[in-house]
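Participant: This is what each chain is made of:
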Amino acid sequence: MCDSASPNQFAQKLDSYIDSLTHKKENLIGVLHYAQEIYGYLPDNVQWHIAQRLDIPSAAVYGVVSFYSFFTMIPRGEHVVNVCTGTACFVRGAEKLKEELENQLKIKAGETTPDNLFTLETLRCVGACGLAPVMIVDGEVHGRMHEAQDINEVLAKYRPES
Amino acid sequence: MDIQLTINDISLKVPEGMSILDAARTINIDIPTLCYLKLNEMHYNNNIASCRVCVVEIEGRRNLASSCSTPVSSGMVVRTDSLRAIQARRAMVELLLSDHPKSCLTCAKNQDCDLQSLASELGVRHISYEGEESEFEIDKSSSSIVRDPNKCIRCRRCETMCNEVQTVGVYSAVGRGFETVVKTAFDLPLSQTACTFCGQCIAVCPTGALTELDQVDKVWKALNDPDQFVVVQTAPAVRVALGEGFGLEPGTIVTGKMVAALRRLGFDRVFDTDFAADLTIMEEATELVHRIEHGGRLPLLTSCCPAWVKFFEHQFPDLLDIPSTCKSPHEMLGVLIKSYYARTLGIDPKTITVVSVMPCVAKKYEAARPELSQGAETADVDIVITTRELIRMIREASIHFDHLKEQEFDHPLGESTGASVIFGATGGVLEAALRTAYEVLTGETLEKVEFEALRGMDGLKEAVIPISGRDYRAAVIHGLGNARTVLEKIRAGESNYDVIEIMACPGGCIGGGGQPYHHGNLEILAERAQGLYREDRAKPLRKSHENPAIIGLYKDYLGEPYGERAHKLLHTSYVARKKI
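Sequence lines, in order, name chains A and B. Count along the first sequence from 1, add 15, and you get the number used in my numbering. The numbers in my numbering rise by one with no breaks, and the one at position 419 of the second sequence is 409.
Everything hinted at is true.
Simulated crosslink set (DSS-like; lysine-lysine; CA at most 30 angstroms straight-line):
#1 28(A) <-> 568(B)
#2 172(A) <-> 123(A)
#3 130(B) <-> 569(B)
#4 479(B) <-> 568(B)
#5 208(B) <-> 92(B)
#6 39(A) <-> 569(B)
#7 39(A) <-> 479(B)
#8 3(B) <-> 28(B)
#9 99(B) <-> 28(B)
#10 99(B) <-> 211(B)
#11 28(A) <-> 40(A)
#12 568(B) <-> 39(A)
#13 395(B) <-> 208(B)
#14 340(B) <-> 558(B)
#15 172(A) <-> 111(A)
#16 479(B) <-> 28(B)
#17 40(A) <-> 479(B)
#18 40(A) <-> 28(B)
#19 340(B) <-> 208(B)
#20 99(B) <-> 130(B)
#21 28(A) <-> 569(B)
#22 172(A) <-> 121(A)
#23 568(B) <-> 40(A)
#24 130(B) <-> 340(B)
#25 39(A) <-> 28(A)
#26 40(A) <-> 569(B)
#27 529(B) <-> 395(B)
Source of the hints: derived by calculation from the structure; they are not laboratory data. Here the structure is a predicted model, which means the values were calculated and not measured.
When you get a sec, could you build the whole thing from the sequences and use the hints?
Facilitator: Pasting the structure below:
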């Protein structure tokens, strides 16, 4: 492992970003953000590469990646569906919303559909408590998601037209 | 500036910046700790306050404070013994135990475990909390270290040791919340990481989460196999630490009793790795002279320490040509037992089992290195056990160690000089090498054989030794972090040393990862070193080249030091490895 070269363009982009930094070690989190933006996720070999370039033990890089829920080590689908599990959404049925999404997408939270279209995740409060419970698709907030029908309609917008 | 405060109604003055814990210790109030560990001589300080066991009550503060990480302040009123503090401490330990396997009776750390002692000291008689228990796979991938994360209490002592003292960086806290545990990069098995197997993580682990790979049963099997001729050898540092397992003071020299115990266990021959240490000096000193005379690359770095060898293979793969090519002493002795000695006895080397007793867990890994064998089936050394494992064997055999009559090693591979005994302490290899190099190069007798500048716990010790009109610049390094600093200078061309001794473990082999646990008391290491220097002074011969068995070995079998046969048997090569 850790040997497989990542697509060249991605690696070059990441390398020139790292080169542009005056302080490298200190910018680990920034570099990880950037890498995740390019690759969509942070596979082991990318983390290892960053460790070498920043001269940080790869275990330490892995520790940081595993700590922040923003970072993911598994590829995400084309669209990321997030269910808010903050306090307000929680009391207004976030759990039911999550279960309904799991039901409709036929995956569990944290997983990606086999066609790579949707990834389902949970996050904490997005500040839209008045609309609770909310789901967020690719950054767009959809509120008052009580009914299966409404949820289905939101998802449909992101499915390719057949 | 001194700070005035009160602890348990006792008024005291301590320097500014001191922790409450240290302040209390100045007036003999010992606050219990668990994650906290400070080893000044190693520049090791783990005070992340994760366990909360050392909490105390401070007047005017709502919450209890962890005394290890809270500095004293003027007029502070501290109570370490209030009901609230005592109950909180007990609750902390109960919480830790609620997610800890209850298998103390069968744990390798039974009766040597800090968590167990703490539970006993704090009077934990039941665990009030029941909850989820972590489930992790046990990592037995390496030949040296077993990692059982189920027993990890997240104190992160191992991480501090590996990252800050050794600068290897194999461990990190991974995950968050309840799921947090100390792991390797990408959950790789230890065998696939840059771990050097120095075992210093084991030396500081308060529980059974990190232990040596136990090979005791393998030795018992060999001893009970009528077709095997089982030969044992013991490293220099074992003889000044083994006694600790039987209630003797650290540093007590138990060489004779150890030999007697090994014979009682049933070993067919009891040899001394010290013999091979003398041999190492002959080979390494000759290699140094050869490099100087033939314009070879300097400095020459010693190669006795397998953890140090693995460290440079991973971290400095571009410098593989500077370490000495000498095998480590026990590997040299292993190969000689299976060649020279097997021939003397007229037996098939395949029927010989060589067991090394070492203060080290990296030696277990080293023995399994493929290049350290003569063909696929005959490793130079078959089994390596640590000082701790030998203690267990002696106990298992119901031997009263204290009552044993002292015995001598077998001949000829048991004869040694004082020079070889001091291999076990930092600086010893270089001191031994200089004793020989001086006499070989000048043809004169070295009157004062002690090189005091090379002894002691300083991370880097230096000396300039004039020999035959040339100044030899020598350095001694212990601890891999210190080694990294010097290696980086060598890489940058900023170093002008001729020879450097490097040992992975702080203090050298006396502080090895396979020695009886020091539980944070490094005085023990100093006592062990003094034991070795006493043994050196007591030896009639104190220079490796004067060892008659060594002289005989070259005459009868090896030929010239650093010659053809010596090269084939006693030297090795290194592999460039990745940094993970």
